[in-house]
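So the protein lines, in turn, are chains A and B.
Numbered by this note's numbering, the letters in the first sequence go through residues 7 to 359 in order.
Numbered by this note's numbering, the letters in the second sequence go through residues 202 to 523 in order.
Hints listed in this document are in silico derivations from the structure and should not be mistaken for laboratory results.
Hints are supplied without guarantee of correctness; some may be wrong.
Partial list, derived from the structure: chain A residues whose beta carbon lies under 7 Å from chain B [unchecked claim]: (1) M138; (2) E178; (3) F336.
It should be emphasised that the depicted structure is a prediction, and the values quoted were computed from it without experimental measurement.
Every residue gets a Cβ at the ideal spot worked out from N, C-alpha and C, and that includes glycine.
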Amino acid sequence: MATTTAKPAAIEDGGRRAVLTQEDRRALLRYMLLMRATEERALALYRQGKVPGSYYDGRGQEAISVGSAFVLGPRDRTCILHRDLGAHLIRGVRPGRVLAQMMGRAGGVTGGKDGNMHFGDTELGCVGMVSMLPDMALVTCGLALSFQMRKEPRVAMTWFGEGSTANGQWHEAMNVAGVRKLPAVFILENNQFAYSTPNEREFAVDPVKRAEVYGFPGVKVDGNDVEAVFYAAAEACERARSGGGPTLIECETMRMHGHGAHDDMRYVPKELFDVWAERDPIDRYERKLADDGIDVEQITASAKEEIERETEWALSQPMPEGPEALSGVFATSEPRLGDGNAPWSFWKEAANG
Amino acid sequence: MAEMTYLSAISDGLREEMRHDESVFCMGEDIGAFGGAFKVTDGFIEEFGADRVWDTPLAENAIIGTAVGAAVEGLRPVCEMQFADFISCGFDQLVNVAAKMHYRQGLAVPMVVRLPSGGGFSGGPYHSQNPEAWFLQAPGLKVVAPSTADDAKGLLASAIRDPNPVVYLEHKHLYRRVKGEVPEGRYEVPLGRVRVAREGTDLTVISYGAMVGIALEATQDIDGASVEVIDLRSLVPLDTEGILRSVRKTSKVVVLHEATRSCGVGAEVCALIAQEAFEDLDGPVVRVTAPDVPIPFSPPLERAVLPQVDDVKEACRELLAY
């Protein structure tokens, strides 16, 4: 097991260096800000009674989905979980569609058929999650299998909490990925608690240590450091694309809100919460970029403005009509997973030859 | 046309689809060098290679979940559950991931899960189940159950080409017992249409899978009565018109299946008839099924549970005399 705590040497991929330009770093901050602002707005809408059901967010975990999804190319595929809004945004989902989704509106990604964060815009190469965790780890294996069978240098990436690693399907996925050396990247978000159950009651062995026994590398990174997550994911994707098989990346973090909006977190010691509050991934990255001379305030203001606009759009969307509930049980045409957005300058350069 | 066993017809159908369409591949336990527990994929690994005939680890959720991922990315996986019973271990991926995928996000999942089902060979409680009714409560799955060799091949082709997850129940007891003329090359038997296995005017026996043969044997001569036998072939979609057409003709119905009784396919068919054809009936709709018990191991116990020719005869006689 390797531990990545700092930026590694630049990663080579097809002769091109996997490094972050200043423009990329501005984008990383922007996506983290958009994720937090969207979720803050969704929580406010929940408290106003406009979000039915319950509400789940990823506060404090923004660096993970943003840092890892930012690595992906347009033809890569994702199975994104419920605390990973940043990955959806990077693939190109508008925040307004996310808010409409949470409110059960017709303009949401699933048109009201599913709720919370149970969505994936298939046009952008995302397959939406289900509540049974970690089911999507196996679907990710299947996506990766298709790339492998067609000999395409593509990657399937998925995210899950450490709670998922107790479930048999997680073991099945790691085993299958290891046996077939699938081009899959597994992002494990260790946010300290599975609902209210702390790490020490979840497992006897740190999950990332298990990667080795499944036959592939496991790395541990600071999940509140967006660039550390990025470089670990870039290395894993490069390995997957070149036939080197899967990687498990454990990102250490803390869930700064309850499991859902109904959860008062009474089981979290205050000291633990305070320690992690000091390590907020957005505050840290803002300070770092400001020190490097980047105009952080401009990025913050622009993200705020975007969310205002998107919220207005989401609130203007109608609710779906009742009879729509009866449609779409069966498919009548072939599946179509489209390509996603890939904002990293690496892909823009590749597209420009 | 060549005469084939039900087993060879399945094998032939799968091979034809794999030869014709590179995106079709099969996966399951021991399907490679061993050729599958029942030899459906015998010789496949030599012809198609280990990538397209994937001997998977012993993990049913992994088989089905991986197939879902491959299917949404454009491949057409055909999964083998070594025994239908083991679908319980992959149930979550089938009913929560595969079945709901299109409804939730408009994404088709073109995959087939082959289930060697049924009893009659002392397989005991874990190798003899007929789990079809489990899937009727999971909207999004299609469910087929052939009874003849040519249907076995044609329905498998339809299942593979369908853009939805299809549960394909192949009855183990029929593998080498049922033989028939099977067309060469590729053809489809459409899902959702009953087959009239025998025309009749006095009574209808509605069945599917292995029990179609039992129905034909039991009713070939019942005191000179003219008994129609309907083979459902496809349980989802269900050919309700095909069922009602026969009911309106004969006015007396026996519904026969090997699976246990409560909330089974028979219950659904009976409810349909009660609601849509009540005034056409000249007697109660009668069910002949296994009772609500697990399938026991010892031959006399198993015989006591699975519907036998005499059970069907008796039910038909009583209803004809009603």
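Evaluation of the provided hints:
no. : hint : result
1   : M138 : holds (5 Å)
2   : E178 : holds (4 Å)
3   : F336 : holds (5 Å)
Violation of the numbered hints given earlier is absent; every hint is satisfied by the structure.
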